[in-house]
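Participant: Listed in order, the protein sequences are those of chains A and B. Letter by letter, the first sequence follows residues 1 to 158 in the numbering used here. Letter by letter, the second sequence follows residues 1 to 679 in the numbering used here.
Treat the hints as calculated values from the structure; they're not laboratory data. There may be inaccurate statements among the hints.
Claimed, not checked - Incomplete in silico selection of chain A near chain B, CB under 10 Å:
#1 V9
#2 A12
#3 V13
#4 K26
#5 S31
#6 R69
#7 E73
#8 L79
#9 L135
Predicted model, so just to flag it, every value in this text is computed and none were measured. The beta carbon of each residue, even a glycine, is placed where N, CA and C say it ideally should be.
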Amino acid sequence: MILLGAVLVAAAVVLYVVQPVFSGEKAPLVSLDEEFTEAEARRHLSLVALRDVEYDFATGKIDERDYRRLRDELAREALDALHEVRRSREQTESAPTAQDTLADDLEQEIAAYRAALRAGTMCDRCGSPNPAEALFCAACGIRLESERGEEAAPAAQG
Amino acid sequence: MILLGEFALWVALPVSIWGIVLAFVGGHRKRGDLVLSAERSVYAVFFLLCLTSLGIILAFVGEHYEYRYVWGYSSRELETYFKVTGLWAGQRGSLVFWVLLLALFSSIAVFQNRRRNREFMPSVVGVLLTITAFFLGVLLFADVNPFERLPFPMPNGQGLNPQLQNYWMTIHPPTLYLGFTSFSVPFAFGVAALITGKTDSRWLVVTRRWTLLSWFFLTNGIIFGMRWAYEELGWGGYWFWDPVENASLLPWLTATAFLHSVMIQEHRGMLKMWNLSLVSLTFLLTIFATFLTRSGLIESVHSFAQNTRIAYIFLAFLGAATMACLLLILWRKDDLRAERTIESFLSRESAFLMNNLILLGSAFAVLWGTLFPLISEGVAGTKVAVGPAFFNRVNIPIGLVLLALTGIGPVIAWRKATRRNLERNFVSPLLMAAAVVAGLMIAGMRGFYALATFAICGFVLTILVNEFWKGTRARARIEGEGLGRAFLHLIARNRRRWGGYIVHVGIVLMFAGFAGASFHTETDQSVEPGDQIRAASPYGHEYVLTYQGLSSSRTPNMWQWVALLDVSRDGRRLGTITAEQRIYSTADQPIREVGIRSTPLEDVYVILAGVEDFEGAVLNESSAQGAVFQVLVRPLVGWLWYGGLVITLGSLIALWPGAGGPARRKVQATPASARLAKV
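All chains should be modelled from the sequences, with the hints used to inform the complete structure.
Facilitator: Dropping the structure here:
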């Protein structure tokens, strides 16, 4: 009886472990879930860091001069990242964007991020901000409902 | 079933070795099938170890005293509850338990990442299974097999050490082990980052929640241990700088440093090498702690092992793992350069760096003090004891600086704080500290360290309350919310930051508890029934304990003397306290069960130190009621446990799943993403 149990356990374990080698079933070697492109990640982190600077200013940790300096610096970084995101999208979608509208776009984008962070409608998959009432991400189509009421966790927070 | 458990233990080792080989080969040759087989080995090993653990538990519950381990840690008289916990009562079982938890966490890590972070997984699986295989090898080949049989079956076991028959003791070791083993996951990701060359912040982002989880278990494990020592060891203290206590503190100190330094890498792309070193060091210290507890190398209240072979095996593993980590880090050192330097001394990064250096300094001092007896024995031939005096002298000042940093850190902005604003933000906390000192001195308190501790506690608490208040107010203003709602949202939307600050509040409360220790009073007295013991409280009032008498009784596994005392304070009766001595049939030494009356201000801690006429007392003779008591009044001990609860609350907030917490997984894996951490 015990012998039978031992044989069964051993056989089951060996079969389960060895099976992929014979059947050719594979584990993925690159990630399947979509991730940020490098530029998108930089844009996201710049915007979140901007929010941190605003928090530090609002709670009186930095004065107006330092606030402006840091904000300009971060906005520049975000702008660079935004340029890059646009460029890579142009390559795929070939939709030209005028350079001089970028600064305005950035302002809009920051506002959209803020609104999305507040409403919990920032997409967890692609990081795009969505309007407060959105159920699905406008950029990648994933359902947003599970993220409702929660912020899409910025990394750059202390 | 027990035999099946034993069999499963033998199968687990080759399965894990198979997994190690296939993980590394599959990762190197980009063979998904081999990697899948390796990942399945992780699940299979977990399944097999469940069978093994079940086998051991059944051997305990079924009273199989033919097994040496069961015989050594159980007896027929033992309650079933303690028989089940026999799994981690002794060295052999606890090694099984350790590797079972490791296999559990490995399986969770593999499952979580079945679609994500795939580039890391072959190495992660390889590293986790290597650790598993090491422990399995120890179990099977180092004379610590839990299924080893005695030459002939015994009718009854030797029984469980009575001091382990305690609620706190049943949850203290598993909690610590959860902390130790779960830290293997961040370590495995760190090593995987080094092996694959993806040393940007991604491995940190992936393992952030694991690190927090491990820290949470370690912290609670240590506090449970303090609680056990306080209630069960019967000497009135909670921390003795015992080698095993130190061993659990060491990885806690480095893990705390790591928790803070990862944020610098995330924000600023600095300290990459430092973080990889810290994660390796913390892992090595968890192994070292397991080794110290379970090898018997150093005398300790916890050591139950006398087997020296296992000590050498552990040392060899530690040495090899240290070398491997060092070589990997050196190999990748060009990728690990900082992307930026610290802009200003007045920045949160520099406060974090300071906190890291101090934590490491403290860890080094504790390690040195713990190992010094061994080193002196090896070098000079005499074992020099290093007592609490050394540890206190070194660690109290260090602890106070750290305590101050728990307040200073949160006030300083990232990158560069504005000096004037910073100075302004320190005004009210400093005033509070001064007020605390003045108030306490007027109340008659002297003693530099105690005053300093309370002053810093006041300073930090003011800062933290201010932070919460300013944050809430700013949110209420910007979002147009009410204060209550703004407060809740503030915490919910950035749980890592605010959970962390709540943990800081808990640390402050615990330090207040530590400071209370410098004022405890002790009264020793020999009494007959009706006599009074007068114990002075440091607050100025006096407790009068009236001895009522002694009664002895017998249960299947012990003799028990229970002394009853009436307590009153300043003439007002408060109730009764009982203090006991027990002699277990399985132990020679009497065990003290202390009586504790706890209030937020102070604990009255009564020890029945001795019975004057044992034989008479056994017969319950009225003339043999004389007893010796030690009465301790210990101020603020309760604050340790309140602080512990607050820390638990804070870390749960930081850990809570879902967005807003620490996990943000979508960070791209391209080489250029090293620049990610710029912001």
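Participant: Indicate, hint by hint, whether the structure satisfies it.
Facilitator: Okay, the hints, checked on the actual structure:
1. Residue-level restraint check for A/V9 holds (minimum Cβ-Cβ distance to chain B is 6 Å; threshold 10 Å).
2. This hint holds: A/A12 has a C-beta 9 Å from the nearest C-beta of chain B, less than the 10 Å allowed.
3. Interface restraint check: A/V13 against chain B, minimum CB-CB distance 5 Å, threshold 10 Å, status holds.
4. For the restraint placing A/K26 at the interface with chain B, the shortest Cβ-Cβ distance is roughly 3 Å, inside the 10 Å limit, so the hint holds.
5. Checking A/S31 against chain B by beta carbon gives a least distance of about 5 Å; that is within 10 Å, so the hint holds.
6. Because the smallest distance between the Cβ of A/R69 and any Cβ of chain B comes to about 8 Å, under 10 Å, the interface hint for this residue holds.
7. Here the hint on A/E73 is kept, as its CB sits about 9 Å from the closest CB of chain B, short of 10 Å.
8. A hinted interface residue such as A/L79 counts as satisfied when its beta carbon comes closer than 10 Å to some beta carbon of chain B; here the least separation is about 13 Å, so the hint is violated.
9. Because the smallest distance between the Cβ of A/L135 and any Cβ of chain B comes to about 17 Å, over 10 Å, the interface hint for this residue is violated.
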